[in-house]
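2 protein chains.
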Amino acid sequence: MAKDFYGELQLGILGGGQLGRMLIQEAINYNVNVHVLDPDKNAPCRKLCNKFECGSLGDFETVYNFGKDLDMITIEIEKVNVDALEKLEGEGVIVYPQSRIIRLIQDKGLQKQFFKQNDIPTSAFQLISNKDNLVNASLNLPYIQKLRKDGYDGKGVKKIVTQQDIQEAFEEASLIEEWVDFEKEIAVIVARNDKGEVSTFPMVEMEFNPQANLVEFLIAPSLYGVEIQQRAEAIAKKIADDLQIVGILAVEMFLTKNGDILVNELAPRPHNSGHQTIEGNYVSQFAQHLRAIFNLPLGDTRCRTNAVMINLLGEPGYEGLAKYEGVEEVLAMEGVYIHLYGKKYTKPFRKMGHVCIINDDREKAISNARKVQEILKVKA
Amino acid sequence: MAKDFYGELQLGILGGGQLGRMLIQEAINYNVNVHVLDPDKNAPCRKLCNKFECGSLGDFETVYNFGKDLDMITIEIEKVNVDALEKLEGEGVIVYPQSRIIRLIQDKGLQKQFFKQNDIPTSAFQLISNKDNLVNASLNLPYIQKLRKDGYDGKGVKKIVTQQDIQEAFEEASLIEEWVDFEKEIAVIVARNDKGEVSTFPMVEMEFNPQANLVEFLIAPSLYGVEIQQRAEAIAKKIADDLQIVGILAVEMFLTKNGDILVNELAPRPHNSGHQTIEGNYVSQFAQHLRAIFNLPLGDTRCRTNAVMINLLGEPGYEGLAKYEGVEEVLAMEGVYIHLYGKKYTKPFRKMGHVCIINDDREKAISNARKVQEILKVKA
Numbered sequence: 015m016a017k018d019f020y021g022e023l024q025l026g027i028l029g030g031g032q033l034g035r036m037l038i039q040e041a042i043n044y045n046v047n048v049h050v051l052d053p054d055k056n057a058p059c060r061k062l063c064n065k066f067e068c069g070s071l072g073d074f075e076t077v078y079n080f081g082k083d084l085d086m087i088t089i090e091i092e093k094v095n096v097d098a099l100e101k102l103e104g105e106g107v108i109v110y111p112q113s114r115i116i117r118l119i120q121d122k123g124l125q126k127q128f129f130k131q132n133d134i135p136t137s138a139f140q141l142i143s144n145k146d147n148l149v150n151a152s153l154n155l156p157y158i159q160k161l162r163k164d165g166y167d168g169k170g171v172k173k174i175v176t177q178q179d180i181q182e183a184f185e186e187a188s189l190i191e192e193w194v195d196f197e198k199e200i201a202v203i204v205a206r207n208d209k210g211e212v213s214t215f216p217m218v219e220m221e222f223n224p225q226a227n228l229v230e231f232l233i234a235p236s237l238y239g240v241e242i243q244q245r246a247e248a249i250a251k252k253i254a255d256d257l258q259i260v261g262i263l264a265v266e267m268f269l270t271k272n273g274d275i276l277v278n279e280l281a282p283r284p285h286n287s288g289h290q291t292i293e294g295n296y297v298s299q300f301a302q303h304l305r306a307i308f309n310l311p312l313g314d315t316r317c318r319t320n321a322v323m324i325n326l327l328g329e330p331g332y333e334g335l336a337k338y339e340g341v342e343e344v345l346a347m348e349g350v351y352i353h354l355y356g357k358k359y360t361k362p363f364r365k366m367g368h369v370c371i372i373n374d375d376r377e378k379a380i381s382n383a384r385k386v387q388e389i390l391k392v393k394a
Numbered sequence: 015m016a017k018d019f020y021g022e023l024q025l026g027i028l029g030g031g032q033l034g035r036m037l038i039q040e041a042i043n044y045n046v047n048v049h050v051l052d053p054d055k056n057a058p059c060r061k062l063c064n065k066f067e068c069g070s071l072g073d074f075e076t077v078y079n080f081g082k083d084l085d086m087i088t089i090e091i092e093k094v095n096v097d098a099l100e101k102l103e104g105e106g107v108i109v110y111p112q113s114r115i116i117r118l119i120q121d122k123g124l125q126k127q128f129f130k131q132n133d134i135p136t137s138a139f140q141l142i143s144n145k146d147n148l149v150n151a152s153l154n155l156p157y158i159q160k161l162r163k164d165g166y167d168g169k170g171v172k173k174i175v176t177q178q179d180i181q182e183a184f185e186e187a188s189l190i191e192e193w194v195d196f197e198k199e200i201a202v203i204v205a206r207n208d209k210g211e212v213s214t215f216p217m218v219e220m221e222f223n224p225q226a227n228l229v230e231f232l233i234a235p236s237l238y239g240v241e242i243q244q245r246a247e248a249i250a251k252k253i254a255d256d257l258q259i260v261g262i263l264a265v266e267m268f269l270t271k272n273g274d275i276l277v278n279e280l281a282p283r284p285h286n287s288g289h290q291t292i293e294g295n296y297v298s299q300f301a302q303h304l305r306a307i308f309n310l311p312l313g314d315t316r317c318r319t320n321a322v323m324i325n326l327l328g329e330p331g332y333e334g335l336a337k338y339e340g341v342e343e344v345l346a347m348e349g350v351y352i353h354l355y356g357k358k359y360t361k362p363f364r365k366m367g368h369v370c371i372i373n374d375d376r377e378k379a380i381s382n383a384r385k386v387q388e389i390l391k392v393k394a
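If you're matching them up, the sequences are chains A and B in order. Numbered per our numbering, the first sequence finishes at 394, counting up by one with no gaps. Numbered per our numbering, the second sequence finishes at 394, counting up by one with no gaps.
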């Protein structure tokens, strides 16, 4: 790299939410000059960077102007203007992950086709251009319909079980996927630097909130056998290599009841399934992302202990200025680490923070996490 | 506390250097609104807080105006205008550590008298008002002369060995202390909250750079026997109780060759002897300071593993825009964590950052740290 990443390099982050915030907490250790673009003038990163710009992530001119004097750009959200990033790349700005990867991952249909073309195990699927295609779908009911673009955190996803559901399906260009009767949702975060070094974090197990379709409970490391873990990690490494990505990539997978692993979705950035690495592992996903994009040796991904991550979601029924209940009580417990995201207003299921609970005794980590879930509430 | 410390409370930090910077890295987790006052417009904290004000820490009006609309003030340096803090306390602003403690600790003479009055073991000493008093000093040569005020990091300290040295001694009001032929310099960081809860970090061992008189090498936890560790920790707890301090307090001590422990100096704030707690302990000194001043339950101070801290000092012979040599090489090593302080310019022995080296094998941690010391350099 022409410039030392410490002190001189100007790094832009597209998106100023919690992922950017935690990335900045780590970037401080390396004197990185951080510029942030986010449409929300009260974004969590706004007071923690060298320059904060309020503007649309989807607008070509805004993203291009934000990036044109920077040395490097990374993202904390996929939904950004890729044409602008492509132009910036052409003009010599380093964009990690590369714009072509963001473009691929923005479209769940292209993602699925990529899996198929590269022999990456995934559920059967069909791309449809509108709702009418569902009448003659190649898949049997039930299946999942996902909008090809702009879905996130469970938004843009519908389960189609009955003929009635077909009537109420999304109109737009979508992907339908065979319903997977999985045993567990698992994830592996993989990092790759420009030298081609690739490294995975140990596989984690997730439980979702069925109402909000958000990760509610994550346990690391997984207790599944070595064979399953190695298979999941090998899949993640293969994807990183196939993509030739620079940066980190979260690979969300299903472990089916008969032991198959099917890739569900990718996220080419720090991810909710890696927050526990801050306290739980030798390097965090945020430190690893910085090492990867700055082409430094990748760090030690091993777990230091058992870690459970719970999302701190806005309590249903409350909307307005956030109030946190139970902080004092949970901080009196052993191994509890609270991360609030600097969001002034809460609403039902909004991600307001997360808590990591560590313990050398795995069952104790889990029971403490359940306790924290009962005590700690975000109300208004 | 009237306001929740998260989201609503406005916290001021007097001083915007590396200690404030690492305190902010932790305060981000609790949505603390941070205001910083520092005389250097390029201070390490300047881009990491809600509001940065450039101004003198010693000026009454500046400190008073900075603090008058805040809810709480803490410090990262003792050399601040205490009269302003006292007035602010009188008007209802919470100042932790309390202004009376900062006043006491600013004056090394008062500190010594406090030790004596409270039966805290310390070396024999005498207060002198000017150099002439040295002719009839009650202590035998050699002894240490310390300016009562404004000394730090070895500045304002002289070893007086010969009659010639007496001629060249400091003119000003000073403290002279019996020369202690110590075996090891040790430190204990203690925290106390307003409920009166007191907790110590495990004792650490330090080695100083004789040229710069700065901590150069710190090892935690100490390998001295439990009896010595408990005695050192009991002394630190007693001081915290005697002072009724709220916040953290670093207690620097000498372990003498015949096994006595003598208190050398106090620092009522995060301290260089606690940086390794970020990676080495369950809670860091920065997290503990926040817990203490916000009257939250104190955290778990145990060591997670062996940690060695080395200061990254400006290389002698170089002055100007800082360049870091060897970063890539040391990041390829196991358990190496770099913390740069965001200082643009280096000069000989300036504290530019620190590195924490952890390892479950203590000897390996030490040898890796020695290697980092050889490889990593700050030049210009």
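It is worth saying that the hints were derived from the structure and are not from the lab. One or more hints might be untrue.
Claimed, not checked - One-sided and incomplete, this derived list gives chain B residues near chain A with beta-carbon spacing under 10 Å: (1) Y20; (2) L23; (3) C63; (4) L161; (5) D164; (6) G165; (7) R305; (8) L345; (9) E348.
Glycine included, C-beta positions come from ideal geometry on N, C-alpha and C.
Status of the hints after comparison with the structure:
1. Y20: holds (6 Å)
2. L23: With a closest approach of 12 Å, the L23 (chain B) hint is violated.
3. C63: This interface hint holds because 7 Å falls under the 10 Å limit.
4. L161: L161 (chain B) check fails; min Cβ-Cβ to chain A is 33 Å, beyond 10 Å.
5. D164: violated (29 Å)
6. G165: Status violated, d = 29 Å.
7. R305: holds (7 Å)
8. L345: With Cβ-Cβ at 5 Å, under 10 Å, it holds.
9. E348: holds (6 Å)
Of the numbered hints given earlier, the model fails hints 2, 4, 5, 6; all others are met.
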